[in-house]
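Chemist: Please model the entire structure based on the sequences and the hints provided.
If you read the protein sequences in the order shown, they are chains A and B.
The opening position of the first sequence corresponds to residue 1 in our numbering, with each subsequent residue numbered one higher.
The opening position of the second sequence corresponds to residue 111 in our numbering, with each subsequent residue numbered one higher.
Some hints here could point you the wrong way.
[Said to hold, decoys possible] Mimicking DSSO-like on lysine-lysine, the simulated pairs with C-alpha atoms at most 30 Å apart in a straight line are:
id : chain 1 : residue 1 : chain 2 : residue 2
1  : A       : K90       : B       : K407
2  : A       : K16       : B       : K551
3  : B       : K452      : A       : K49
4  : B       : K231      : A       : K16
5  : B       : K158      : A       : K16
6  : B       : K551      : B       : K304
7  : A       : K45       : B       : K452
8  : A       : K29       : A       : K90
9  : A       : K16       : B       : K557
No lab work stands behind these hints: they were computed from the structure.
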Amino acid sequence: MKIRLIDIAHGRSGDKGDTANVGLIARKKEYYPLIEQLVTAEKVKRHFKGIVEGGVERFELPNLWAVNFLLHEALGGGGTKSLKNDAQGKTLAAALLRMEIDVPDGTKIE
Amino acid sequence: MANHVRIASGQGFWGDLQTAPFDQVNKGPIDYIMMDFLAEVTMSIMQKQKKRNPDHGYARDVVPLIEHILPLCMEKNVKIITNGGGANPEGCRNAVFEWARKKGFKGLKIGTVLGDDILDKIDTFVKSGITLNNMDTGESIGVVRERLQSANVYFGAWPIVEALDQGAHIVITGRTTDTGLTLAPMIHEFGWKKDEWDKLAAGTIAGHILECGGQASGGNFSASWRSVPDLAHIGFPIAEAYSSGEIIITKHEQSGGLVSMQTVKEQLLYEIGDPSDYITPDCVADFTSIQLEEVGKDRVRMYNVKGRPATDSYKVSMSYLDGYTAVGTLTFSWPDALEKAKAADEILRTRLNDHGRGFEEIRSEYMGYNSCHGPLAEANGELNEVVLRIGVRAHDHKSVESFAQELAPLILTGPPGVTGFAGGRPKAREVIAYWPALLHKGAVTPKVIVEEI
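Modeler: Structure, rendered in structure tokens:
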């Protein structure tokens, strides 16, 4: 069963130089394992093809039902160097929430 | 010793909601108000202002904001802590004192924290073997030495604590960590020790929650933005800190916005790296230890926070000039809005190429279509209109200027139906690049001055 991350998660993103961070938070505790298993750094790197030039790192915060991604070389140089409208990566959390994941059939999603 | 203390966020950045500080002091009980003004590039702008006029170089908003809240702060015994002193905390203090004298304030004490500005000491440091290499790339400082605009150490909470211990009603700092502004009053009130790492980490994380103002209390809230009441009158967050290190994040009852597990979590995840290793001059905080619990309407309790010893280095933030950019926009209407915008982009690039100018980068984005999500954007039918946003970056000013001249001609010499060029030619702006480094804590000493009128 295919769902979009926006069905089970919310998030916020920001910048540190040319690196963006995206915090992805499960809307319910029972959704966290889905995120932990299915939203890997490799999958996020593929999702952001054409946007993220560098590597993607993932850190887990199960206490907050959340994972944090660092997207390196994602902001066109970052800071005042960047020519991007979204030079601070403010909308990258929403871009991640577009991602489709394949969850087991019958998974209850509200 | 106080059992708890209420610290309110008043500004999350230079240019934030101007009504927020007064509302925080006026609408309910607080003991401290903290106001964060400094982003990474701010210090270089302030250095430039100070060079032009030695009385300037601080966030100009600070003085009117303090003037607005100070009478009520003195009445209610609310203390003000801000890093808006920027490149000139003493200039900022003098401006506040000047106004306060005119108004007849007596017994007002202002503390300033100085010593973070190391621009004049760089050569001495380098000679004595301190490298100041770029901590991200490893490059030597020599690469940018001649182009440096500012160099500041991030101090933490302790110099502010010293000013509060000396009775300051207002503390004005230069480059201090955002989190230190919130942690300092807790240390001052509860007498926390320099090695009580868990408590220092709790106060630091409370600071992280407060440092972006309304972003913790319903602003920029992605989980369910429609559910946030009365954003027009958003109440900025308040940290109600207990001597044990427990913190309740809340806001004034008579205000809009929302404080929930979800609003707090979103802010906790904002602009962090490795969550188990959140490094400040005061401690290393572990975000993976945080426990949250909703304990009432707009009240979230944070407990179980773990911290580790501070490192032996300060972070140094330096800025240097790195060429120029200019960005301009043109609006294209139906029919064929996107197609025409792309054609105009091609024409412009051809003309720039004909001039033989070299650019490091030319970037075209189509606002209304893909300027946020790039290749992830989905084309949903025909666009009614689209804005071509085109930017260039080059090391020489002339190239950037030539781009600025080529934009407007497209209105009459490109595809039809172009508008939205009321702002005139795009302006070439200096690129202020950022050079992060580490400096051993022994190399600099913060200087705290408390003066009274």
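Chemist: With reference to the structure, classify each hint as holding or not holding.
Modeler: Hints, verified against the model:
Our distance criterion of 30 Å between C-alpha atoms is met by K90 (chain A) and K407 (chain B), whose separation comes to about 28 Å. For the given pair, K16 (chain A) sits about 23 Å from K551 (chain B) by alpha-carbon distance, which is consistent with the 30 Å threshold. A threshold of 30 Å between alpha carbons decides the hint, and for K452 (chain B) with K49 (chain A) the separation of about 22 Å falls inside it, so the pair holds. Between the alpha carbons of K231 (chain B) and K16 (chain A) the distance comes to roughly 26 Å, so the proposed pair stays at or under 30 Å and holds.
For the suggested pair K158 (chain B) and K16 (chain A), the alpha carbons sit about 23 Å apart, so the restraint of at most 30 Å is met. For a cut-off of 30 Å, the pair hint linking K551 (chain B) to K304 (chain B) stands: about 15 Å separates their Cα positions. In summary, the hint linking K45 (chain A) to K452 (chain B) is supported, as the alpha carbons are separated by about 28 Å, within the 30 Å threshold. For the hint pairing K29 (chain A) with K90 (chain A), the CA-to-CA distance comes to about 25 Å; that is within 30 Å, so the pair holds.
Our distance criterion of 30 Å between C-alpha atoms is met by K16 (chain A) and K557 (chain B), whose separation comes to about 29 Å.
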